[in-house]
Amino acid sequence: MDSSNPKVITCKAAVVWKEGEMIKIEEIQVDPPKSNEVRIKMLFASLCHTDILASNGYPYPLFPRVLGHEGVGMSIHGGQVLYQIFTCATLSEYTVVNANYVIKVDPQKIPLQHASLLCCGFTTGYGATFREVHVEKGSTVAVLGLGAVGLGAIEGARSQGASKIIGVDINELKQGKGKVFGMTDFINPKESRTSVSEMIKDVTEGIGVDYVFECTGIPSMLNEAIEASKLGIGTIVVIGAGHGLTREFNLVSLLCGRTLKGSVYGGIRLHSDLPALLHRCANKEIQLDELITHQVSLTEINQSFELLKDPHCVKIIIKF
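Taking the UniProt record's numbering, the leading residue of the sequence shown gets 1, the next gets one more, and so forth.
Bear in mind the hints are in silico, worked out from the structure with no lab data behind them. Some clues are possibly wrong.
Claimed, not checked - The calculated lysine to any residue pairs, modelled on SDA-like cross-linking and capped at a C-alpha distance of 20 angstroms, are: (1) 109 - 252; (2) 230 - 184; (3) 24 - 37; (4) 109 - 74.
Keep in mind that this is a model prediction, so the values were computed, not measured.
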């Protein structure tokens, strides 16, 4: 491709036209990059549960839209191929992004599928343990929801030296995944009529944990997260996106000295934190293979959204 005189590119993309409608693979036109932008040829993308929410109009019903916010591809400048990861309309054969939001990766050091995974979910949970809060060595942690975000929070807590890391999920199959990343205890709420917060207190001598990472996005789990944290000093980090833009919580429990904090992308600083995470992954310190459960093509996007409901599914890779 001649990068000295870029032209409009016609390509295929996953487009949703209306809230709740089936996703359509359609031809779109991708404009040449403007100043401070790069045009990327997609190689791999990965699906996030937020993509399901986006297809239903979350957080705002802006349609039509090209889905996807995790991906890796290459840009060509003066004949030089640059592999980059980024987060913008990644379910398209080509896309244009601001150059400030891309990071160069070396495919000789890390599989490009793995690089795609670091654009959102896993990194969001991982970063929250040291950017949104600082999980101290010897502290106790509970992670609600063991999807990619929750597994990232478990890995981050392990890396920070937490002494007890409690994973909570209604899917028993997630127990094995959690242990790979450093979980010490597993709770399945379906196994008891006791509340999640009480179950967490049962394995922490009745006092709760220092940090709770709420990764489910389920409205009722916010109060459970608050109650599961230590009275007076507990910190709750809300990471999981979910339906609805409002939540109710017990104000008295919060007034008793607990801290409630929200998070976007785990507070990760793109150009300083992500290269370090890529380095850890390249050195096999983090087992990203454990996250990938399916690989499909772009034309199978609707089937992929159904796969996200499969209890065996963690992350789906889209290969272009």
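Hints, one by one, checked against the model:
Note on residue 109 and residue 252: the hinted pairing is violated, with a Cα-Cα distance of about 50 angstroms set against a maximum of 20 angstroms. About 19 angstroms separates the Cα atoms of residue 230 and residue 184, which keeps this hinted pair within 20 angstroms; it holds. Proposed proximity of residue 24 and residue 37 is contradicted: the alpha carbons are some 27 angstroms apart, above 20 angstroms. For the hint linking residue 109 to residue 74, the alpha-carbon distance of about 16 angstroms falls within 20 angstroms, and the restraint holds.
Of the hints listed earlier, those the structure fails to meet are numbers 1, 3, in rising order.
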